[in-house]
Amino acid sequence: MSATPNKFVVGLWDHEEVYLHAIEHIRAKGIEIYDSLTPFPVHGLEDALGYKESRLHTAGFFFGATGTTLALTFMTWVMTTNYPINFGGKPYWPLPSFIPITFELTVLFSAWGMTLTYLVRNKLWPGRVPRIYDKRTTDDRLALVFDAEKLTDAQITEIKGICTKEGAVEVKDKVFTEGE
Amino acid sequence: MDKNYTKITDDLVAPVERNSTMWWVATLLTGAGAAFFVFCLGWTVWFGIGTWGLNKTIGWAWDITNFVWWIGIGHAGTLISAILLLFRQRYRTGINRAAEAMTIFAVICAGMFPIFHMGRVWDAGFIFPLPNTRGPLWVNFNSPLLWDVFAISTYFSVSLLFWYSGLMPDFGTVRDRAKGKWRKYIYNLLSFGWQGSAKQWQRFESLSLVLAGLSTPLVLSVHTIVSFDFATSVIPGWHTTIFPPYFVAGAIFSGFAMVETLMLISRKLFNLEDYITINHIESMNKIIVLTGSIVGIAYLTELFIAWYSGFLYEQFAFYNRILGKYLWAYYIMMGCNVLSPQFYWIKSLRRNLYVTFILSIFVNIGMWFERFVIIVTSLADDYLPSSWAYFSPTWVDIGIYTGSISVFLFLFLLFSRFFPTIAIAEVKAIFRISSEVAKAERAKKENAAHGGFVGLQAVGPLDKDSKGN
Numbered sequence: 010m011s012a013t014p015n016k017f018v019v020g021l022w023d024h025e026e027v028y029l030h031a032i033e034h035i036r037a038k039g040i041e042i043y044d045s046l047t048p049f050p051v052h053g054l055e056d057a058l059g060y061k062e063s064r065l066h067t068a069g070f071f072f073g074a075t076g077t078t079l080a081l082t083f084m085t086w087v088m089t090t091n092y093p094i095n096f097g098g099k100p101y102w103p104l105p106s107f108i109p110i111t112f113e114l115t116v117l118f119s120a121w122g123m124t125l126t127y128l129v130r131n132k133l134w135p136g137r138v139p140r141i142y143d144k145r146t147t148d149d150r151l152a153l154v155f156d157a158e159k160l161t162d163a164q165i166t167e168i169k170g171i172c173t174k175e176g177a178v179e180v181k182d183k184v185f186t187e188g189e
Numbered sequence: 004m005d006k007n008y009t010k011i012t013d014d015l016v017a018p019v020e021r022n023s024t025m026w027w028v029a030t031l032l033t034g035a036g037a038a039f040f041v042f043c044l045g046w047t048v049w050f051g052i053g054t055w056g057l058n059k060t061i062g063w064a065w066d067i068t069n070f071v072w073w074i075g076i077g078h079a080g081t082l083i084s085a086i087l088l089l090f091r092q093r094y095r096t097g098i099n100r101a102a103e104a105m106t107i108f109a110v111i112c113a114g115m116f117p118i119f120h121m122g123r124v125w126d127a128g129f130i131f132p133l134p135n136t137r138g139p140l141w142v143n144f145n146s147p148l149l150w151d152v153f154a155i156s157t158y159f160s161v162s163l164l165f166w167y168s169g170l171m172p173d174f175g176t177v178r179d180r181a182k183g184k185w186r187k188y189i190y191n192l193l194s195f196g197w198q199g200s201a202k203q204w205q206r207f208e209s210l211s212l213v214l215a216g217l218s219t220p221l222v223l224s225v226h227t228i229v230s231f232d233f234a235t236s237v238i239p240g241w242h243t244t245i246f247p248p249y250f251v252a253g254a255i256f257s258g259f260a261m262v263e264t265l266m267l268i269s270r271k272l273f274n275l276e277d278y279i280t281i282n283h284i285e286s287m288n289k290i291i292v293l294t295g296s297i298v299g300i301a302y303l304t305e306l307f308i309a310w311y312s313g314f315l316y317e318q319f320a321f322y323n324r325i326l327g328k329y330l331w332a333y334y335i336m337m338g339c340n341v342l343s344p345q346f347y348w349i350k351s352l353r354r355n356l357y358v359t360f361i362l363s364i365f366v367n368i369g370m371w372f373e374r375f376v377i378i379v380t381s382l383a384d385d386y387l388p389s390s391w392a393y394f395s396p397t398w399v400d401i402g403i404y405t406g407s408i409s410v411f412l413f414l415f416l417l418f419s420r421f422f423p424t425i426a427i428a429e430v431k432a433i434f435r436i437s438s439e440v441a442k443a444e445r446a447k448k449e450n451a452a453h454g455g456f457v458g459l460q461a462v463g464p465l466d467k468d469s470k471g472n
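Keeping their order, the protein sequence lines are chains A and B.
Sequential numbering of the first sequence, starting at 10, is according to this note's numbering.
Sequential numbering of the second sequence, starting at 4, is according to this note's numbering.
Take these hints with a grain of salt, some might be off.
Unchecked claim - Below 30 Å or equal to it, Euclidean Cα-Cα: the simulated DSS-like pairs (lysine-lysine) are:
id, chain 1, residue 1, chain 2, residue 2
1, B, K202, A, K174
2, B, K271, A, K38
3, A, K144, A, K16
4, A, K132, B, K182
5, A, K144, B, K187
6, A, K144, B, K6
7, B, K184, B, K59
8, A, K181, B, K59
9, B, K182, A, K16
10, B, K271, A, K183
11, A, K61, A, K132
12, B, K202, A, K61
13, A, K99, B, K59
14, B, K350, A, K181
15, A, K174, B, K182
16, B, K10, A, K183
17, B, K6, A, K181
18, B, K271, A, K132
19, A, K169, B, K202
20, B, K202, A, K144
21, A, K183, B, K202
22, A, K132, A, K181
23, B, K187, A, K132
24, B, K182, A, K144
25, A, K16, B, K184
26, A, K181, B, K182
27, A, K16, A, K174
28, A, K144, B, K10
29, A, K183, B, K350
30, A, K132, B, K202
31, A, K183, A, K16
32, B, K184, A, K144
33, A, K159, A, K169
34, A, K169, A, K144
35, A, K181, B, K202
36, B, K271, B, K350
To be verified - Stretch by stretch, here's where chain B covers chain A in the computed footprint (C-beta under 8 Å, at least three residues):
id, region
37, 96-108
38, 118-125
These are computed hints drawn from the structure, not numbers from a lab.
This one's a predicted model, so the numbers in the text were calculated from it and none came from an experiment.
We put the beta carbon where it would ideally sit given N, CA and C, even for glycine.
Use the sequences and the hints to build the structure in full.
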């Protein structure tokens, strides 16, 4: 994993509004933010970081549509072609009877498809060992991570200064040993 | 409330990190009950359904009553999580996680009854349209019982996804506080390696919103389809078009009551009074009085329509409920479901924990009797007087029912000991905008440190309708 950087500068904040403001200022200065970690979803963070809207819900729609199509086609095939049986004189293609199962399969496919896409895109799986820049980022600290390998010593000092000026309660270096 | 983020983490993770004798006692007791449940099911499989109190006339009794009762209880979780999320009701954050867990455990209990009622449980897989070697042989897609199979399994698995995706970040929090190596390893495994990066949270929010959107019609569809099991039949007392909305209201009613019963115990047991407040309880009691009254109107509508229809058999079914051999069950149902929630029109009773606890038990009992009345009284006296019968449960019936309550409590106790019972990240996310102390502190601190800086968003009166919740 030589492509993954191992040396970082980590700034820690304790207040989300100060943190959001800091991100705006840091990005306005043209400094690249490697990652941003928070203990809870911060409102407006993706806008401040300039992230595009997630396309997860679009994926959800297509998974749902797959479920709808599959349910209708399968029930039609069973009831009209593979196993046509006369149930008390009811039609062989009873569309109203198909509605509940079609609805359930739409929801089932959409939910599972979206969740699996979510796990894949977020790189989450049982047994994954994440890089913890600071343990408190799941408790009470909001962190900004900068890739120190791309930066000169002068730039690192500058970034640390900016973080402190923007209200960071702590700024530190974090080095991961290879393979961690 | 004098809180900050660390305090919230401490408070909410505490039950997971603490060992308690009370918990051990309760878990062992309910574990024994769960073992008895397994024993009774084993007995049923070994000796057959004849060990239950069913007879030729009453082929569905406690089993289906319990099934519908548990499914109803399972409705509150998704309702609280999904519908209240869509309506942005902030009070849900205190109770959603535990209510979702209840949904899952209740659906597990519910599923046991129809599966074991089938008799040959080892063939249970054939309720699904599986490819098989018996010629082309498929299930009947016209049957509401089959729709129910799809509805319940979809509901179970989607609720599981919704619940677990919300748990991952909180497992990350528990992991990062863990002292021991194994503890850290297990909670990391459970958290799927959660980090909490901005991109993860962005997708997390998108996922929760869409799952909430999907679960909302799903939760309504499930009990609608359960009601179709009865409504599409031709049994007087079942063949009623009012069933879908009436069942859904009843499900929400009983689900909220069960959430209250459990939350009142766990808030006391785990010192969560600051997170599950009297306001939460009051909001839930308002929903209980609303849905209880809807159920009451449904009972009266059924009676009126039975009389108004002029249809002899329909009239008989309902007169028989009120005046027949099961009248005791009918009046327990009416008393518990229709009369008891009316106390909640009075504010002081709505905010009284003892009253709430007692009434929540009443509602649980009443809703069980509702299903019993619908199912058993309609079957007991059918078109042919010579086949009229009375249902008496055997010890196996009673053992399976009480055992299922033990299974439910046992699973809930395991959950409350090892999983964070309150959504930690969600509580933190609304903390700044909902805590009065935090608001005052913010204004003061920001004026001092940043010269009147008030953040990116306009800070107006942060009431519950303001932006940013």
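Violations among the numbered hints: 2, 7, 8, 10, 14, 15, 18 and 29
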